[in-house]
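Colleague: Now for the letters of each chain:
Protein chains: 2
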Amino acid sequence: MGWTDYLDAHQSRFIDELCDFIRIPSVSAKPEHMADVRTAGQWVVDRLTAAGIENARMYDTDGHPVVCADWLHAGADKPTILIYGHFDVQPAEPFDLWTSPPFEPTIRGDRLYGRGATDDKGAMMIPILAAEALLAETGQLPVNVRFFFEGQEEIGSPDLPPWIEANPELLKADMIFSADGGQWDTETPQMVLALKGLTSLEVKVKGARADLHSGMHGGGVANPGMALAHLLASMKSADGRITVEGFYDDVIDLTEEDRAAIARVPWDEAAYLAQTGAPATHGEPGYTTRENLWGRPTLEVNGITCGWQGAGTKTVLPAEASAKITCRLVANQNPEKIFDLIAAHVEAHCPPGVTAEVSKNPGRADPFLVPAGHNATAIAGQVLEEVYGKTPYKTRAGGSIPVMSTLLDQLGLHAVMFAFGHDDENQHAPDEFFRLPTFRLGQTAYGRLMERLAG
Amino acid sequence: MGWTDYLDAHQSRFIDELCDFIRIPSVSAKPEHMADVRTAGQWVVDRLTAAGIENARMYDTDGHPVVCADWLHAGADKPTILIYGHFDVQPAEPFDLWTSPPFEPTIRGDRLYGRGATDDKGAMMIPILAAEALLAETGQLPVNVRFFFEGQEEIGSPDLPPWIEANPELLKADMIFSADGGQWDTETPQMVLALKGLTSLEVKVKGARADLHSGMHGGGVANPGMALAHLLASMKSADGRITVEGFYDDVIDLTEEDRAAIARVPWDEAAYLAQTGAPATHGEPGYTTRENLWGRPTLEVNGITCGWQGAGTKTVLPAEASAKITCRLVANQNPEKIFDLIAAHVEAHCPPGVTAEVSKNPGRADPFLVPAGHNATAIAGQVLEEVYGKTPYKTRAGGSIPVMSTLLDQLGLHAVMFAFGHDDENQHAPDEFFRLPTFRLGQTAYGRLMERLAG
Numbered sequence: 004m005g006w007t008d009y010l011d012a013h014q015s016r017f018i019d020e021l022c023d024f025i026r027i028p029s030v031s032a033k034p035e036h037m038a039d040v041r042t043a044g045q046w047v048v049d050r051l052t053a054a055g056i057e058n059a060r061m062y063d064t065d066g067h068p069v070v071c072a073d074w075l076h077a078g079a080d081k082p083t084i085l086i087y088g089h090f091d092v093q094p095a096e097p098f099d100l101w102t103s104p105p106f107e108p109t110i111r112g113d114r115l116y117g118r119g120a121t122d123d124k125g126a127m128m129i130p131i132l133a134a135e136a137l138l139a140e141t142g143q144l145p146v147n148v149r150f151f152f153e154g155q156e157e158i159g160s161p162d163l164p165p166w167i168e169a170n171p172e173l174l175k176a177d178m179i180f181s182a183d184g185g186q187w188d189t190e191t192p193q194m195v196l197a198l199k200g201l202t203s204l205e206v207k208v209k210g211a212r213a214d215l216h217s218g219m220h221g222g223g224v225a226n227p228g229m230a231l232a233h234l235l236a237s238m239k240s241a242d243g244r245i246t247v248e249g250f251y252d253d254v255i256d257l258t259e260e261d262r263a264a265i266a267r268v269p270w271d272e273a274a275y276l277a278q279t280g281a282p283a284t285h286g287e288p289g290y291t292t293r294e295n296l297w298g299r300p301t302l303e304v305n306g307i308t309c310g311w312q313g314a315g316t317k318t319v320l321p322a323e324a325s326a327k328i329t330c331r332l333v334a335n336q337n338p339e340k341i342f343d344l345i346a347a348h349v350e351a352h353c354p355p356g357v358t359a360e361v362s363k364n365p366g367r368a369d370p371f372l373v374p375a376g377h378n379a380t381a382i383a384g385q386v387l388e389e390v391y392g393k394t395p396y397k398t399r400a401g402g403s404i405p406v407m408s409t410l411l412d413q414l415g416l417h418a419v420m421f422a423f424g425h426d427d428e429n430q431h432a433p434d435e436f437f438r439l440p441t442f443r444l445g446q447t448a449y450g451r452l453m454e455r456l457a458g
Numbered sequence: 004m005g006w007t008d009y010l011d012a013h014q015s016r017f018i019d020e021l022c023d024f025i026r027i028p029s030v031s032a033k034p035e036h037m038a039d040v041r042t043a044g045q046w047v048v049d050r051l052t053a054a055g056i057e058n059a060r061m062y063d064t065d066g067h068p069v070v071c072a073d074w075l076h077a078g079a080d081k082p083t084i085l086i087y088g089h090f091d092v093q094p095a096e097p098f099d100l101w102t103s104p105p106f107e108p109t110i111r112g113d114r115l116y117g118r119g120a121t122d123d124k125g126a127m128m129i130p131i132l133a134a135e136a137l138l139a140e141t142g143q144l145p146v147n148v149r150f151f152f153e154g155q156e157e158i159g160s161p162d163l164p165p166w167i168e169a170n171p172e173l174l175k176a177d178m179i180f181s182a183d184g185g186q187w188d189t190e191t192p193q194m195v196l197a198l199k200g201l202t203s204l205e206v207k208v209k210g211a212r213a214d215l216h217s218g219m220h221g222g223g224v225a226n227p228g229m230a231l232a233h234l235l236a237s238m239k240s241a242d243g244r245i246t247v248e249g250f251y252d253d254v255i256d257l258t259e260e261d262r263a264a265i266a267r268v269p270w271d272e273a274a275y276l277a278q279t280g281a282p283a284t285h286g287e288p289g290y291t292t293r294e295n296l297w298g299r300p301t302l303e304v305n306g307i308t309c310g311w312q313g314a315g316t317k318t319v320l321p322a323e324a325s326a327k328i329t330c331r332l333v334a335n336q337n338p339e340k341i342f343d344l345i346a347a348h349v350e351a352h353c354p355p356g357v358t359a360e361v362s363k364n365p366g367r368a369d370p371f372l373v374p375a376g377h378n379a380t381a382i383a384g385q386v387l388e389e390v391y392g393k394t395p396y397k398t399r400a401g402g403s404i405p406v407m408s409t410l411l412d413q414l415g416l417h418a419v420m421f422a423f424g425h426d427d428e429n430q431h432a433p434d435e436f437f438r439l440p441t442f443r444l445g446q447t448a449y450g451r452l453m454e455r456l457a458g
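Top line first, the protein sequences correspond to chains A and B.
Sequence positions in the first sequence follow the working numbering and run 4 to 458.
Sequence positions in the second sequence follow the working numbering and run 4 to 458.
Calculated from the structure, these hints are not laboratory results.
Incorrect hints may appear among the rest.
Claimed, not checked - Restricting the straight-line Cα-Cα distance to at most 27 Å, the calculated cross-link-like pairs of lysine-lysine (DSS-like) are:
1. A:Lys209 <-> A:Lys393
2. A:Lys209 <-> B:Lys207
3. A:Lys207 <-> B:Lys397
4. A:Lys207 <-> B:Lys209
Stated by the list, open to error - Not the full set, but computed from the structure, chain B residues with beta-carbon under 8 Å of chain A:
5. Gly218
6. Met219
7. Ala236
8. Arg262
9. Ala266
10. Leu296
11. Ala314
12. Ser362
13. Asn364
14. Gly401
15. Gly402
16. Ala432
Unchecked claim - To be clear about the criterion: a stretch of chain A counts as covered by chain B if any three or more of its residues have a C-beta under 8 Å from a C-beta of chain B, and this derived list gives those stretches:
17. 167–177
18. 346–356
Glycine included, C-beta positions come from ideal geometry on N, C-alpha and C.
Could you build all of it, start to finish, from the sequences and the hints given here?
Modeller: Here you go:
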């Protein structure tokens, strides 16, 4: 039988295997799950080996491990491609909002629910399965293939830059394809031409030495919760413009051509509101929602902690308050410069009666913009057009894949997003799911991509 | 021997008993401690009975119970006094900041450490012990005495108003003395002439239906954490003036005479900063720190909850954010009116892209101001002057004892604060303690108060 028949014949096993993979709670952000991330890495090593890929091995970094493997017997006249994905997942909290438990994968209809189902466990299995089918049915792969999977994408890949710099021979390739990313919708493919960069930080405001009685000390010393509110409010106007001094200085604004290309992609504001459940869209004034999502930098509060958060009333005047913040950056913003601007802003705007400090959190990424006329992008676009029967949209993504900018720095290669999730699959949220028909479609697409790259 | 000799002879036992009392974690704010609050109430019933007080009994309310008891054999020509205190305590979190565990009372030097040591378990035992000594040594009390102890002071006594209204016969008295409160310092007594009122509420801001990926949706929908920051910042200027429309309308401002009386009480700003550990004092502009602490209303954030609060980075755009707020009120502010003003303010200032709602939390108190020339206050002042050898300062308190305003409403009596804690004893904070010499001194003072009130 042909390799696509092989995929059909083994799909049920592939789904069972994906369920096994999801059951490993490889939450990279939580220290108590360090061993689970390692277990997931070992699962990937074993799965690659089972598929017929060679040299599958886990490598230590200063944090969570990476997994590399290769199959390099297509011949020197064939290109070598590097396929990227990640086996770590986001924390699953709040657990009580999941319909079925996050680490007990459950199929409802044609969807598989579980943390990591789409981001990125299901998606990163796709190229492994395509390679297995090709090897099983043809005895070889059309091109030389390297696999590179990591266990720290969800915390911003902090330990990858030195590891990549130290191990170029494991990653040497002519093109990079990322199995983390996604398609426009179940009918329509896309070529993702830009990813946002990332900087992650925490602002901590301190007042008194310890929590105080709010009656005895209210009016005597400043309230760090209120001071933090003033600081945060000073960073972004209520109508959505970031007011950190210098924040927009290095931004390459969208050209009229960029804005026209973005406007050609369908956008249904009502559907977006229905999807998110938000009462209204909200972004930087002067730009459409799509332009903000794709082409403008953001500053988002990820969490705030202060004082009493249990049930009922506790009449304390808290000793401190802190906020986690991530900024998504666009070309040509630099993560370190943005961090410094925010630190300077906090110092300049710290309200009276408290002290404030800014610290970096793990995670950084340079913004990433694929150059026009990029060859691997063009071929991937042809495969997607063939598989979907529709010309891909040219899009940008609001998300960041920090390792993409590192690979660009170290290997000089722009990665091509070639992945099969969809934006509505509750990535990073409760009830994350992956569409099983897409899981199958992606396997064909990756097989055809390898064939097309060979000739 | 005389009754003060009895107190000396039995002090070691009294301290052991106070330790037993502190070991009961009667945290009224936490549902999981409901049974412990009841256990503490039963402990009080047993201790009153052991002291020779009669009719000691626990009474149910709609929430935590109260305990009443009496000794009414002094004769109809003697006044009847009502002594108030509370057997519930504040939550002990954060546990890791305690030198010894909060519910394992520990003596270091002449201080007894533990949650509730001073507020109010140690303080409320004092009048019971004075009565025990008088009964043991003289066979009677100089006046008729009722005891009224409650188990919900630390959550604002939400269920007391209807219970007090329904049980006036248990509380009928000529004067009320509160064993919750404190003295100026170990050398100097005080007469507390005012308590602040209280209103407690929560502001919740909602955006999307669930937490979203901050990269995919940042710039698309509003961030409830940032919106809450704008809302909170709109309620109070960075320099400390409350900017909720109408908030100060009903405030009776401090007169020149009030300000002069306050200025006569010693104040050491450097010592206050050393005590609290705050980098600077901070309160409403135009008033001294002491005036703000005692005579001006406050609006304090008690806690903020939003999004990811675990270790590291989670790149979410949170679905909601909420803040707990308590306001301390002065005469003639009304807790319900202040709540309504804040709710209206939140509605008027809700940032775009989110919804905001305000809900009441348990706890209310009217501000409380003792009229000039109040008789019980004058006698208590004489006893304190005799015991301390020093004229009491006339002070006000920033804290609230909601039941005081309820007793005033229902019984028409202004309570006199006659209690022996000190402000530096970490009430509501880690390492709460009570000074054992004060514990002893208070027992003599309560005995003498009863004697003085008899003649």
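Colleague: Does Ala432 of chain B pass the interface hint, meaning its C-beta sits closer than 8 Å to a C-beta of chain A?
Modeller: Holds - the Cβ of Ala432 of chain B comes within 8 Å of chain A, reaching about 5 Å at its closest.
Colleague: Have a go at the Gly401 of chain B hint: is there a Cβ in chain A nearer than 8 Å to its own Cβ?
Modeller: Status holds, d = 5 Å.
Colleague: Just to be careful: measuring from the Cβ of Gly218 of chain B to every Cβ in chain A, is the smallest value less than 8 Å?
Modeller: This hint holds: Gly218 of chain B lies near chain A, its Cβ roughly 3 Å from the closest one there, short of 8 Å.
Colleague: For the hint on Ser362 of chain B, does the least C-beta distance to chain A fall short of 8 Å?
Modeller: 12 Å, violated
Colleague: Once the shortest beta carbon distance from Leu296 of chain B to chain A is found, is it less than 8 Å?
Modeller: Where the cut-off is 8 Å and the nearest Cβ of chain A is about 5 Å from Leu296 of chain B, the hint holds.
Colleague: Hold the hint about Ala236 of chain B up to the distance rule: shortest CB distance to chain A must be less than 8 Å.
Modeller: 4 Å, holds
Colleague: Under the criterion of a CB-CB separation shorter than 8 Å, is Met219 of chain B in contact with chain A as hinted?
Modeller: With Cβ-Cβ at 5 Å, under 8 Å, it holds.
Colleague: Between the region 167–177 of chain A and chain B, see if three or more residues pass the 8 Å beta-carbon test, and mark the coverage as holds or violated.
Modeller: violated (count 0)
Colleague: Have a go at the Ala266 of chain B hint: is there a Cβ in chain A nearer than 8 Å to its own Cβ?
Modeller: Nearest chain A Cβ about 16 Å off; hint violated.
Colleague: Does Lys397 of chain B sit within 27 Å of Lys207 of chain A, going by the straight-line distance between their CA atoms?
Modeller: Distance ~39 Å between Lys207 of chain A and Lys397 of chain B Cα, so the pair is violated.
Colleague: Lys209 of chain A and Lys393 of chain A: Cα distance at most 27 Å?
Modeller: 56 Å, violated
Colleague: Can you confirm whether the C-alpha distance between Lys209 of chain A and Lys207 of chain B stays at or below 27 Å?
Modeller: Holds, at roughly 24 Å.
This entry does not satisfy hints 1, 3, 8, 9, 12 and 17, going by the numbered hints stated previously.
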